[in-house]
Amino acid sequence: MPKKRSGGGLSPTQQAAKFLGVSVLAGAVLAGIALPAVGALGLAAKGSVEGFDALPANLKTPPLSQRTTILDAEGGTIATVYSRDRTVVDLKDISPYMQKAIVAIEDSRFYEHGAIDLKGVLRALNKNARSGGVSEGASTLTQQYVKNVFVEEAGDDATKVAQATQQTIGRKIQELKLAIQVEEELGKKKILENYLNITFFGQQAYGVEAASQRYFSKHAKDLTVQEAALLAGIVQSPSRYDPVNDEAEATKRRNVVLNRMAEVGDISPAQAEKAKKAALGLKVSKPKNGCITAVDNAGFFCDYVREVFLSEPVFGKTRKDRAKVWNQGGLTIRTTLDPQAQESVQQSLKDHVYQSDSVAAASTLVEPGTGKVLAMGQSKPYGYGKNETEINYSVDHSSGGSNYGFPTGSTFKPFVAAAALEEGRPATQEYSSPYEMPYPEPVQTCSGKPWLNTAGEKVPNESESEVGPYRLKKAMALSVNTYFVQMVADIGLCPVMKMTDALHVVQGSGEKLPEVPAISLGSKGVSPLTMASAYAAFASRGMYCTPIVIESITQKIGDKQQSLDVPKSTCSRAMSEKTADTVSTLLQGVVDSGTGKAAGLTDRDNAGKTGTTDERKNAWFVGYTPNLSGAVWVGSASQQVQMKDITIGGQYHDLVFGGAVPGPIWKDAMTGALAGKDSPSFNLVDIPDEDKNKDKDKNKDRDTEKPDDGNNGDDGFIAGLTDGGNGNGGGDGGFPGNLIQGPGNGPGGRH
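Heads up, the sequence shown stops at 752 in this note's numbering, and the numbers go up one at a time, no gaps.
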């Protein structure tokens, strides 16, 4: 075995062998360039030349990843997102000082040599052979550009990045050959432009434009000589020469660049000395990346846009393909977000539910007939700190929402009513509706196997004084539980399932709703977006439109712009116009004088439904006008908080109802969103009132009822509800809190 030197280095014999090998590779490179001097250098192996020739000479340059800008419906910026903060600019938009500084410090003979600086290669080969490693690369700007292309293509794949940056002779040879191709195809100016756009300048800034904005808050075309020298100096080691974290080291490096610029004649020695005395002049701009920076607290909407992009096949066959397009960036995404509606939603949430409260609130607004999502907000901001969350409570789990959605309570009842109307039941349908009863059985299902109440489950109304018989209009206004379980027993579960399928109502987990009678009381979790979209079908006279958030997308690739196809809303008839109009008439009664009176708008036609679930863990209001639909949920994401004896938004509530907290949120959000907008009317139907004398006898024990005004047949409504959400009266059942019987509210959802 060859002897090693005492210091652990290579022996003279090993050094000679190493140098011989390197020389062979050098000869191969020179042969590849077809220089006459090949013979003089003495190629030791023909195979080395053939091996070099066999290397691929086609550099596949991926489009540079850039910022993506997400815009609202009016063209205002919501947020910028990127995997790499980069804005590609032309060479003419880069300061001449910057161009000269990077050449001076990285490759001063750039304009004199070809793809490879032969003097530098031989000097480096000699030094590397003596050191026994690859300590010096003699890389030209062209070679560095090639390496950066490999890094860019590797993306966030750590293994590929390591391969792209490995310091081996084989990798160097590959870079050399590809550099030849690049020089032939692009020319010096384009190579310099590409290099300045692709290279990393630290502080999350890729490319000189992003770097100029990060460190100096200005465009690259406006860089001074000392600023350009600072940026050029960073490239060699962005962490070591980071001016934000080590000003002294960065200053030394800047001055090295200025000296080099003077040595090669780019600036005079006097200019260099003056620039070296100048302060760094940093004006750092923090990275503004991601939905966390969204304006008007639209972070959740922004995040939903991203999730839609990653899930839509129109943007790529697989999620991986779509993620590649998203990470590549350069997109300008115009969305459906209405700035006025978004501001109104967020202000209403802020007014009624504090960020520090033990419960949260979420609200989503959708345009009937188009499916456009106009606003999406939450009381707990988008973020990762205390009383913040990255979970979007408005959407399904697959889109970044909660695992299961939230039980909807009585906001589900309009779907049951719509199903019954479609089955031919009249709007005056009457059921006995006792205070409490076992779930009726058997109940027909889609499978043909009837549902049986084998567990003997019972369902109560909100109050013992809530006793039928009731017709549909009164039962909807007062949200009578036993009425709707009797309705489901009458028509069967299959019509209800068909209706919810037509309205695309699924659980927040994405699973279909279970075929059980308790579903009529909203026992399963659904997202606010799903509820707002379903109610929008009532507003648009029976036409359901799938929600959309993206209006258009343009993508910048190099210096070209192209438009991308975007998903469109698909509208289909979910029910007849008559059924939808009848439901609107019923739900108008809810906000006129029923459980949702505190939510009613005074300046336009509106309709809606309240909902509160078992143990008051969730409270809802879902409602609409002819031109806007909205859902509001209030509760604990963990479903651990019972909203009893609770302070929300600085206001105490002994019991929370759908009309008491979500209702006012909905009212204020809709009022602001619709300010200055058209006020179309519903196509109402005539639903005969119940017999007043019978109602009077039936409710003779109610000593708190509201006198009948003779206009809507909803006499018997509890006056306490008119106090809104003050906790002293009012609720989904229209009764003061002291009339609520017991802590439990039945096996299913409640009012």
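Bear in mind the hints are in silico, worked out from the structure with no lab data behind them. For each residue, glycine too, the CB sits at the ideal point set by N, CA and C. You may find that some hints are simply not true.
In the DSS-like style, the derived pairs of lysine-lysine whose C-alpha atoms are separated by at most 25 Å in a straight line are [claimed, not checked]:
#1 K219 - K557
#2 K289 - K101
#3 K678 - K645
#4 K219 - K253
#5 K351 - K321
#6 K191 - K101
#7 K513 - K387
#8 K557 - K618
#9 K561 - K190
#10 K645 - K561
#11 K450 - K387
#12 K253 - K93
#13 K222 - K190
#14 K93 - K219
#15 K222 - K275
#16 K222 - K284
#17 K277 - K222
#18 K101 - K253
For each label pair, taking beta carbons as the anchor points, the in silico distance ranges come out as [stated by the list, open to error]:
#19 T547 - N246: 46 to 56 Å
#20 P568 - G76: 14 to 24 Å
#21 K513 - T555: 36 to 46 Å
Hint by hint, work out which the structure violates, then give me just those numbers in ascending order.
Going through the list in order, the structure violates hints 2, 3, 5, 7, 8, 10, 11, 12 and respects the others.
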